[in-house]
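Asks: Now for the letters of each chain:
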Amino acid sequence: AQSVTQLDSQVPVFEEAPVELRCNYSSSVSVYLFWYVQYPNQGLQLLLKYLSGSTLVKGINGFEAEFNKSQTSFHLRKPSVHISDTAEYFCAVSAWGSGNTPLVFGKGTRLSVIA
Amino acid sequence: NAGVTQTPKFQVLKTGQSMTLQCAQDMNHEYMSWYRQDPGMGLRLIHYSVGAGITDQGEVPNGYNVSRSTTEDFPLRLLSAAPSQTSVYFCASTRGRDSSYEQYFGPGTRLTVT
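Chains as they are written, first to last, in the working numbering: chain A, 2 to 116; chain B, 16 to 129.
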């Protein structure tokens, strides 16, 4: 079975400052990794995904994430945040490719950008 | 394409009532899933389906039933609603390997059980 741990439930950060949202996962099989964003009272939108290849993946809205297999981590970063980045962010792992279950989500990190 | 649609958007039930949350997708996706979202808990998998006629349980299946008679539809049934089922429910679908298993989410159904 897979599991995901998001190490911070809330992250406050000032506008234009950098941010890192941390995610660790565990799995006995190869996985795909995803970050989703949920703006207030909305559904989930894909930010980026890691499938294979380059360990640094770039997503929408200036976000990027780095896959680290040895540390089983997939941390999300942005060099300069905007007020509009205030949202909840979910890390997720999928082992569909190995015939297992759909997405398993972390509990989320609420990013609050302060003006 | 409408993508993944869910109805209703909001619902209030009394304890013991039953209802069906509807989910449909028009992308010919093979895989569909139901999640519930509760504050501080992230999204938890209720049931999922890997194709018409095939369903399986997720992490929190108790109190819910599903069926998948067509590729497009994946309804979630609450058999006898309980206050613990107050939540926001999301349906998702993916084409599977061809789309690297990226999931597309519906807008959600906010359910309150009193």
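Rather than coming from a laboratory, the hints here were simulated on the basis of the structure. Don't take each hint at face value.
What the hints assert, rightly or not - Simulated restraints, written as ranges between beta carbons of each label pair:
no., chain 1, residue 1, chain 2, residue 2, range
1, A, S81, B, G55, 36 to 44 Å
2, A, I61, B, P23, 25 to 33 Å
3, A, N62, B, P23, 25 to 33 Å
4, B, P54, A, E17, 24 to 32 Å
5, A, K59, B, G55, 39 to 47 Å
Stated by the list, open to error - Here are the simulated EDC-like pairs of lysine to aspartate or glutamate, each with C-alpha atoms no more than 20 Å apart in a straight line:
no., chain 1, residue 1, chain 2, residue 2
6, A, K70, A, E17
7, A, K108, B, E45
8, A, K70, A, E16
9, A, K70, A, E21
10, A, K108, A, D9
11, A, K50, B, E117
12, A, K108, B, D53
13, A, K59, B, E117
14, A, K50, A, E17
15, A, K70, A, E89
16, A, K50, A, E16
17, A, K70, A, D86
Cβ atoms here follow ideal geometry from the backbone N, Cα and C, with glycine treated the same way.
Asks: Using the Cβ atoms, figure out if A:S81 sits within 36 to 44 Å of B:G55.
Replies: At roughly 28 Å between Cβ atoms, B:G55 and A:S81 fall outside 36 to 44 Å, so the hint is violated.
Asks: Quick one: are A:K59 and B:G55 within 39 to 47 Å, going by C-beta?
Replies: 30 Å, violated
Asks: Has the given pair, A:K108 with B:D53, been kept, meaning a C-alpha gap of at most 20 Å?
Replies: The hint holds at about 9 Å.
Asks: Taking only the CA atoms, is the gap from A:K70 to A:D86 under or equal to 20 Å?
Replies: Roughly 27 Å separates the two Cα atoms, so the pair is violated.
Asks: Do the alpha carbons of A:K70 and A:E89 lie within 20 Å of each other, as the hint requires?
Replies: This hinted pair is violated, its Cα atoms lying about 25 Å apart.
Asks: Quick check on a hinted range of 25 to 33 Å for A:I61 and B:P23, using CB atoms only.
Replies: 30 Å, holds
Asks: Starting from A:K108, check that the Cα of A:D9 is at most 20 Å away, please.
Replies: The hint holds at about 9 Å.
Asks: If you draw a straight line from the CA of A:K70 to the CA of A:E16, is it 20 Å or shorter?
Replies: 31 Å, violated
Asks: Is the hinted pair A:K50 and A:E17 satisfied, with a Cα-Cα distance of at most 20 Å?
Replies: 24 Å, violated
Asks: Check whether the Cα positions of A:K108 and B:E45 lie no farther apart than 20 Å.
Replies: With a Cα-Cα distance of about 27 Å, the restraint between A:K108 and B:E45 is violated, given a limit of 20 Å.
Asks: Given the hint that A:K50 pairs with A:E16, does the C-alpha gap stay at or below 20 Å?
Replies: 25 Å, violated
Asks: Within 20 Å, alpha carbon to alpha carbon, are A:K70 and A:E21?
Replies: Roughly 18 Å separates the two Cα atoms, so the pair holds.
In summary, the structure is inconsistent with hints 1, 5, 6, 7, 8, 14, 15, 16, 17 from the numbered list given earlier, while agreeing with the others.
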